[in-house]
Every structure is written in structure tokens, then in C-alpha cells.
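Enquirer: What follows is each chain in one-letter form.
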Amino acid sequence: MTMKQTTADLLEKVRATSPLVHNITNFVAMNSSANILLAAGASPVMAHSPDEVEEMTGLADALVLNIGTLQKDWIEYMVLAGKAANLKGIPVVLDPVGAGATKFRTDTVKHIMNEVNISVLRGNASEIFSLAWADIRTRGVDASLTVTPDMIHDAKELAVKLRCILAISGPEDIVTDGRQVFRVANGHPLMTKVTGIGCGLSAVTAAFCARADGDLVSATAAALGYYGLCGDLASRISRKPGGFFVAFLDTLYALSSQDIENSLNVHRV
Amino acid sequence: MTMKQTTADLLEKVRATSPLVHNITNFVAMNSSANILLAAGASPVMAHSPDEVEEMTGLADALVLNIGTLQKDWIEYMVLAGKAANLKGIPVVLDPVGAGATKFRTDTVKHIMNEVNISVLRGNASEIFSLAWADIRTRGVDASLTVTPDMIHDAKELAVKLRCILAISGPEDIVTDGRQVFRVANGHPLMTKVTGIGCGLSAVTAAFCARADGDLVSATAAALGYYGLCGDLASRISRKPGGFFVAFLDTLYALSSQDIENSLNVHRV
Amino acid sequence: MTMKQTTADLLEKVRATSPLVHNITNFVAMNSSANILLAAGASPVMAHSPDEVEEMTGLADALVLNIGTLQKDWIEYMVLAGKAANLKGIPVVLDPVGAGATKFRTDTVKHIMNEVNISVLRGNASEIFSLAWADIRTRGVDASLTVTPDMIHDAKELAVKLRCILAISGPEDIVTDGRQVFRVANGHPLMTKVTGIGCGLSAVTAAFCARADGDLVSATAAALGYYGLCGDLASRISRKPGGFFVAFLDTLYALSSQDIENSLNVHRV
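Residue numbers (this note's numbering), protein chains in the order written: chain S, 1 to 269; chain V, 1 to 269; chain F, 1 to 269.
Isolated chain S (complex conformation) (with noise of 0.2 Å):
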């Protein structure tokens, strides 16, 4: 099956069976991630207290754990949720956001990572490879080292001793478990100047693992794919980020399959 076949499929399950997706997600981008999934055709849950943080994750089809606006008492609520994915054998998407600013960022992530099995690492180059070389300092979470060719093998190195999926955004995205690498050309620079675009798309990929049958990679390549083309058709539509946004959501909506069969550039590597 080609890419744009699997893509086309996903968003078609997604949209036919709304998996739910829940959420322990940052304050800022509560709002913005709970319009993208019902854009996509998810349905989106947010919910955080340990009082029932695990019933509910009980009750969903995938978990999304994001420390963006981190706070103390949190980590111990996602790594609650975290387990209860893991012994429920749903997929967990990891969005490191701010990861290599702060000591206190970069640790919760290490920390999340030891304690629960994650499927899908999602965030800029700095967040992601902050986890790897010590000597990078993520400037605000908007910042982005731009991905090259060159960084392929780092980051199956970085998969393979993270044991997890790699979703690395940039002007060009790279997908990669260690052993299957993907290249995403979709995507627009307006992407950076909406908030929580980056948070939406680690809530997307959830909801492509949701009904992904087993193959996560491609699923995941699948979600980066179909969410920057999105962003590109969005583009034609408005190039100024109010009504960008407004046009990306309507995009999520009504993207079709010959949109994807026209236009998504994802390649296996």
C-alpha cells in the first residue's frame, strides 16, 4: 500500500469510528487540541486528576501527554494514566514541549520515558534531541533547529536507545522507529505562527495510532502527512495567521481522499 492509500485510510477510519483520545495537555493548547481532534473527526476527552485519570484512560482509544505549562503534582498524573495505557495496550504520544530549556522540562521527559512505554516521541529537532546531547538549549518552545538529511542518523540512533517512534516537525518532518525512516515534505511556515499547532498534531498522530492496526511508523508518517497538507491547502486559503488557522481547521474537516492522492508528499527514506 503507498503512503497516500494509508493515509487516506487512517483519516477514513478516523473519521468513521471518532476514536477518543485523551489528553493531559498544557493550558494553553487545552482549547486549540480539542477543536483540531473533532476537526480530524476524533473525539477529544481532557481530564487530568488522579481521582480518575486512569478510569478514563481506561475509557479511550489512545493518551497524549504534553508538559507544556508543566506543573510538579502533573507528572505523576500522566505517568498514572501513562501505565494505565501501557497495561491497556493503547498507543501514548509524548510531546516534549519545551524539553532542552529547562532542566526541570528535560527531566520530566526522561522521567515520563522510564516509567512509561511511549509509541510516539512528537517535537521540534531541539525538544527531541535535547534528550540526547546535553549541549542544546531549546530557546522558547517555538524553536526549531531546521531538519537536514544529515540528521537521519542521529535520529534512528536516538529511536533505537529511546526504544520509541521519533515524529521530529520541521521545515521538512522525519518519522522514524530506528529501522523504517519516513520524510515528510508537507507543511507550511504559517504552521509556527498559530499556538498549539505543534500540540495538535501530537494529538492527530494519537488518533492515527488509534487505528493503525499494528504499524505505528506509517500511521504515524500517515498523521505528519495528511496534518501538514492541511497546513499547505490552508495556506492558499488565508496567508495570515487568524484566518489560517480558521482555514486549517475547515481543511482537517473536509480534506479528501484525492486532496491526499494530489498532494501528499510523504516518502519512505
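Just to be clear, a hint being listed does not mean it is correct.
It does not matter which identical chain is meant; a pair holds if it fits inside one copy or across any two.
What the hints assert, rightly or not - Calculated cross-link-like contacts (lysine-lysine; reagent style DSSO-like; alpha-carbon spacing at most 30 Å):
1) Lys-193 x Lys-88
2) Lys-161 x Lys-88
3) Lys-110 x Lys-13
4) Lys-240 x Lys-156
5) Lys-240 x Lys-161
Note that these hints are calculated values from the structure, not bench results.
Let chain S serve as the given structure and place chains V and F on it in line with the hints.
Expert: Then chains V and F, alone, in the frame of chain S:
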């Protein structure tokens, strides 16, 4: 007075006098609830700290309690605000987001209703009937059980038992205090594709009740009719969720008495 | 240099160098403040945990403290960040949301101002004058006392007493450090119909001050002029709050030097 007249009158009063609605609500819906209240002509304030919650309720014309993204300490703050609202004699609207999904949510709704006199309980059918029937299991927060005419009997019984008005949202809405019953046939499926639309309705219901002069059942039905009608008209402007929400806010702001006269579909059963 | 030139220059610098603005702000405005900063060309980061707040401020070019949806533990975090900002010598903007409405808010503003050197205090007249006059009672957070020329005297006195710049928003804005006074006549009433617009202005003020080269009074007046002018121009695109906010973000992003030359209305008194 017909429901069209009641609705147009209450909307005009809300716009003319901007009731201050105090919201203790979830992190996902805080921003959208504030924008929805502003668009409807009301004045929102969000505050949850026990250090000020009673004083803030003391300034308000209505109170909204909403248990989405619930955490344990907030329950006490909601009760404090609720008791202050009861003492002052202003309406209290409770939105039982996710009741039935987890024991924590269901128990919290019951606890709040034991401590505070609730004027209106506003949710979808599965959330509200989870308080009556133990075997309902809400699937996430956007779950819905279709509201059928058969439910009217059950709703009336539950309203009497809970001693409050029930506003049950669905493809068709039911409002009842156990004696009077209204059916609201306005509303559009796109309203379920934007997060926080239900929460916003609870807030608008509070604003209408704040200007009701005693007849809270009619005011609640009027609020649901106004809100659903704005959804109907917004869906004619955009059929996709991003554009729909923009159009929805614009319609809340601009809806005319003539629109209500032409298209409000609220009937006493 | 005229205020038109100053404003155009600062906007260009913000866009060219993307100052990192660290926000400790309320739950309602987190998303909109981030989007407003991005649209203006700055780079936002939100973080409030005592485990990282000083380190994050150490990376930033300016700090925003905003007391909406205040809870007690956050006060300490704001003070920690504020002291770190003072040590580093970066501007600190304080937004006293709801000061005057509850004792908790008013006392918190006073406490923060005792502990932290505030560069700019940005709020509406009732919030700001609540620090001077005990008999002001803010009605919710969107309350306003019309700013009149008569207030200029009081504002100058209060600025001297508080030893900071006051930026008082209203139908016409006043900016003063006690010696210099600016009046800003840009802005549109629709700006009060969208939540978080005021909070976003505090954030943009921080971004402008971060690039001010010492003259923070002019930079503050420039920020208010730029912001109000974007409101003016957005109101020509949409006269309803949903469409207005989309147009406002787009205008923040796209405003040209020519627009500033044609329509900025900021004058030294």
C-alpha cells in the same frame, strides 16, 4: 407571551444590562465561554480561588459551575461559590461535563447538588441521566444519547427528584422543571464539532436566567432556543467547524428579533 | 523621532528579532496571548512552575505577570519570576486584571509591586485607580471607567507614587511615567467584545519594551498605538466579534509602516 416574544425580550434585556456571569469552569472552555457570553451581550468573569470566590459571586448576577477538567480542590471552591449564590438568591447553572464517564465526575455532581441549590442542570442526555440510572456510561464528553419524546416522562420525574430545571441537549432539546416541558428544535450538528459549545450554552443559560424575573423554565428554554437558532443560522454561513465557530459568535452578537420571529422553534409540550 | 517613526521602528525590530516573552498569565488568556504575540512577531512562552520559572525568565527578553484567574500559589511564582527579571534587567509588565473587584486581587497587585520592580502597569482605569482610591469597585474584568483628560493629573501622581509607567486603557488611552504623558486615540469598542484582548496588549507591550533601548514610556505608547490601530483597521473588515478577532490577528501580523504613517493617533500631551 409567546416563546418568540419571551426570547426576544430576554435577549434584549441581556444586551441592554450585561449581567455579570461568574464562571467556575474548565480549562478547555474558559476562553470560549467568555467569548460566547460577550457575544451574547453578557459580562463574564472567571475566578476560582477560595480567597475570592464568594466575594466575586457577591458581585455577580448568576453563577455557572462546570466540572470539566475537574480537580478535587475545585469542588470545594464550587460549593463555596454556590452557597454564596444561594444566599444572594441568584441563579446557579451546573454543567455536569462527563458525568457518567467516571465515578469521580458522577459523585462530584451529586455532592454539589447536595450542598448547593441548583437552578438549572444543563448537559447532554447521557450526562444528566447518569444521575438517575447507574448503567449509563458516558463515552467522553461529547457523547450523546438521542433525546426522544419517550424521555420526556423520565426527564420530568428526574427534575422533580433533583428539584431543579433540567436542560437536556441533543438533536432536539428538552427543558423541564417536572411540570412544564419545552421542546427546542433549533440547533445544528456542527455545534458538536467545536469544543466548548455546550459549556457556552450553560453560560448563556445563566445570563438569561439572571434577567428572568422568576420564570426560570421559560428563560432556560429561551436561552436554548436562541443558542440553537444561532447555530442554525451560522451553519448557513459556514459548513466547516473553523468558519462555523466564527459565524456562530457573530450570530450570537447580531441575531435580531426578526430572526427569532422567523425561525425560533421552541414549543411548550 | 515622531511617534509614527518610533512605532514603525519598534514593530520592525520585534518582527526581525522575535523577543521571547515569558508569560505567567491567566487560563482564559493563555491561548489568545500566545497567538497575539506570534501575530505581532514575538515569541511566547508560558510557564509558571516554581521548578522552572526563574530559569525560563533567564531565557526571556521580557516578562508578563497577569493576575486573572488568580490562585494563591501562583503569586509566589510570579514574584520569583519577577525577581529573576529584575536581576537580569528585562522589562516586567503587570496586568492587574480585576483589581478593585476583590480584596484578593487588589492586595495581590500591591504585594507584587512591593516585591518586584514593575516597568509597566497596564490595565483599565478602574483596575489601575483601585490602587490609589479605596472606593473604586471594579465590576468584573471588562469594567471601565472612561478615561478623561481630567485623569491625566491623577495618573501622573499615581505613576510617581508607584514608580512605574502606567498604561491606562479606555476609549482613549493614557500612558505616563509621571513626567511624560501620551494619549493614544486609536482603538475600537469591538476590542471589549473579545476576551483576552486587554491581556494580549500587556503581552505586546512587553515585546515592544524588550526592544526599546531604554525609552520604555515611548515604547509603551507605541505598543498601545500599534494595537489600537490594528483594532481600528480590523473593525473595517468585520463589525462582529468572531470575524473581528480573526481580522485583528491578521492585522497585527500584516500592519505596514504605511498604515502607521496614515493612521496612528498617538500624541505627547
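Enquirer: Does each hint fit the structure? Answer for all of them.
Expert: These are the hints, each one checked on the structure:
1. When the C-alpha separation of Lys-193 and Lys-88 is checked against a cutoff of 30 Å, the pair qualifies only between copies, where the shortest distance is 28 Å, while the shortest distance within a copy is 37 Å.
2. Proximity of Lys-161 and Lys-88 under a CA criterion of 30 Å is satisfied intra-copy only: 24 Å inside one chain copy versus 38 Å between copies.
3. Proximity of Lys-110 and Lys-13 under a CA criterion of 30 Å is satisfied in neither setting, with 33 Å inside one chain copy and 37 Å between copies.
4. For a Cα distance limit of 30 Å, the shortest separation of Lys-240 from Lys-156 qualifies neither inside one copy, at 36 Å, nor across copies, at 39 Å.
5. For the homomeric pair Lys-240 and Lys-161, neither the shortest alpha-carbon distance inside one copy (40 Å) nor that between copies (42 Å) is at most 30 Å.
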